[in-house]
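Going line by line, the protein sequences match chains A and B. Take 47 as the starting number for the first sequence in our numbering and just add one per residue. Take 95 as the starting number for the second sequence in our numbering and just add one per residue.
No lab work stands behind these hints: they were computed from the structure. There's no promise every hint is true.
Claimed, not checked - Among the chain B residues that face chain A by a calculated CB cut under 10 Å, a handful are: (1) VAL103; (2) LEU104; (3) ASP151; (4) PHE167; (5) THR176; (6) LEU219; (7) LYS266.
Stated by the list, open to error - Each computed EDC-like pair below joins lysine to aspartate or glutamate, with the alpha-carbon atoms no more than 16 Å apart: (8) B:LYS173 x A:GLU84; (9) B:LYS173 x A:GLU68; (10) A:LYS199 x B:ASP188; (11) A:LYS199 x B:GLU150.
Built from N, CA and C at the ideal position, the CB exists for glycine as well.
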Amino acid sequence: MGDDAVHELTAAYALDALEPEEARGYEAHLAGCERCREELASLQSAAGALAYAVEPARPPESLRGRILDAARAERPNVVPLHSWSRPLAAVAAVAACAAIGLAVWNVSLHDRLGRAQEALRGVPLTGAKGSVVVSGGSGALVVSDLAPAPAGKTYEAWVVKGGHASRAGTFAGGGRTIVIRLTHALPAGAVVAVTLERAGGVDQPTKTPFITSAPV
Amino acid sequence: MLNSGMSRVLAHLSDEAVVALCARSDEVALAELYDRFGGIAYGLARRVVRDDALAEDAVQEAFLAIWRGAARFLPERGKASTWILTLVHRRAVDLVRREQRRRTEALPEVEPAAATGAADDELWLRLERERVQAALAKLPDQQREAIELAYYGGFTQSELAERLGEPLGTIKSRMFTGLARLRELLEGEAWATTPFTS
Numbered sequence: 047m048g049d050d051a052v053h054e055l056t057a058a059y060a061l062d063a064l065e066p067e068e069a070r071g072y073e074a075h076l077a078g079c080e081r082c083r084e085e086l087a088s089l090q091s092a093a094g095a096l097a098y099a100v101e102p103a104r105p106p107e108s109l110r111g112r113i114l115d116a117a118r119a120e121r122p123n124v125v126p127l128h129s130w131s132r133p134l135a136a137v138a139a140v141a142a143c144a145a146i147g148l149a150v151w152n153v154s155l156h157d158r159l160g161r162a163q164e165a166l167r168g169v170p171l172t173g174a175k176g177s178v179v180v181s182g183g184s185g186a187l188v189v190s191d192l193a194p195a196p197a198g199k200t201y202e203a204w205v206v207k208g209g210h211a212s213r214a215g216t217f218a219g220g221g222r223t224i225v226i227r228l229t230h231a232l233p234a235g236a237v238v239a240v241t242l243e244r245a246g247g248v249d250q251p252t253k254t255p256f257i258t259s260a261p262v
Numbered sequence: 095m096l097n098s099g100m101s102r103v104l105a106h107l108s109d110e111a112v113v114a115l116c117a118r119s120d121e122v123a124l125a126e127l128y129d130r131f132g133g134i135a136y137g138l139a140r141r142v143v144r145d146d147a148l149a150e151d152a153v154q155e156a157f158l159a160i161w162r163g164a165a166r167f168l169p170e171r172g173k174a175s176t177w178i179l180t181l182v183h184r185r186a187v188d189l190v191r192r193e194q195r196r197r198t199e200a201l202p203e204v205e206p207a208a209a210t211g212a213a214d215d216e217l218w219l220r221l222e223r224e225r226v227q228a229a230l231a232k233l234p235d236q237q238r239e240a241i242e243l244a245y246y247g248g249f250t251q252s253e254l255a256e257r258l259g260e261p262l263g264t265i266k267s268r269m270f271t272g273l274a275r276l277r278e279l280l281e282g283e284a285w286a287t288t289p290f291t292s
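Throw the hints in and build the complete structure from the sequences for me.
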């Protein structure tokens, strides 16, 4: 595509009227074209004004709580590790989590480093690269190369014990390696499972888990 | 659980400042953004997807995108309101394209969004709506048609060319000229535009 042809796409991009592949091409162009960035910012503000021509409508009361719950579930428990560049062995996961664990769990470096490392165990996963890292009665899920959850969906982790599944956190996936601190206690013999659920998560799994751990 | 009463402690802050708080994982800030933009976002999403449940999905996904992306919002690139409504529109368009349900169904009746807070918010929204509608009405018919079908109908430029039986270049040019003109009308400035030509 010639440069002029790409510039012409600015208005259609601002209106979200490009086919997906055209939009990606335009975004790639945008990164290196100051003229288009300026033009887009100004056309986008005109396109944004079109939203105000529509009469506002009152969303259902429940939507606010669902959004806030989903946001809360998502943010604090995911630690992306961009620097990791090799497949994850359970041993590497344990070593990494000993380090991350200090930040995630606020383990005091002062006198507990040795004990923390000693107490961390890795349990392998089926269905994805990674492991469950167990420390005392709690744990974290370490997963590599997990595609981002599709729009409108979220990954949800479960602690399964005695035929009962308990919610253990939702996460979006993506990135090279992510660490998800499980929000549910991890009793001995439990299995950690992951399903793909609708955004915001559900109280009980509705799908067959596509990632499962060995018993911890 | 957060409630509106709590979130309104941020009511005096600019949209941009509230987005900055969101970037620091402040849930009260996200609630404040929802209270400011939830009604306009839901109205826009319904207009595009023409289905209440899908509109809720679009709004939810957009606010989660705001939550995840707040740290990447750059105030020097544009207003927070534009950024937020762009995310809402994009999710709505994505959903309507995926569902292949489109634009001909009548909109179900819905309760208009009474302002969650002050009457002056409501008045401002009504004035803004009249202002944008008046600007749209001043566009030449073919430009307005291209913009409305794209933005509210969720049609891509290629689909529009086919639907209207016009060359793609004509559609692009109508969108560009129309949107640039709309910008001038809204800004109240008579800039001379120089549309890109190939």
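Quick rundown of the hints versus the structure:
1. For VAL103 of chain B, the interface hint is violated, the least distance from its beta-carbon to any beta-carbon of chain A being 15 Å, above 10 Å.
2. For LEU104 of chain B, the interface hint is violated, since its Cβ never comes within 10 Å of a Cβ in chain A; the closest pair sits about 14 Å apart.
3. The interface hint given for ASP151 of chain B is met, as the beta carbon of that residue sits about 6 Å from the closest beta carbon of chain A, less than 10 Å.
4. Taking 10 Å as the C-beta cut-off, the interface hint given for PHE167 of chain B is violated, the closest approach to chain A being about 13 Å.
5. Annotation: interface hint on THR176 of chain B holds; nearest CB of chain A at approximately 4 Å, less than 10 Å.
6. Among the interface hints, the one on LEU219 of chain B holds; its C-beta lies about 6 Å from the nearest C-beta in chain A, closer than the 10 Å criterion.
7. The interface hint given for LYS266 of chain B holds, since its Cβ lies 5 Å from the closest Cβ of chain A, which is under the 10 Å cut-off.
8. Proximity of LYS173 of chain B to GLU84 of chain A is assessed by CA-CA distance (about 13 Å); at most 16 Å being required, the pair is judged to hold.
9. Of the supplied pair hints, the one linking LYS173 of chain B and GLU68 of chain A is violated, its CA atoms being roughly 25 Å apart against a limit of 16 Å.
10. In summary, the hint linking LYS199 of chain A to ASP188 of chain B is supported, as the alpha carbons are separated by about 14 Å, within the 16 Å threshold.
11. At roughly 14 Å between alpha-carbon atoms, LYS199 of chain A and GLU150 of chain B fall within 16 Å of each other, so this suggested pair holds.
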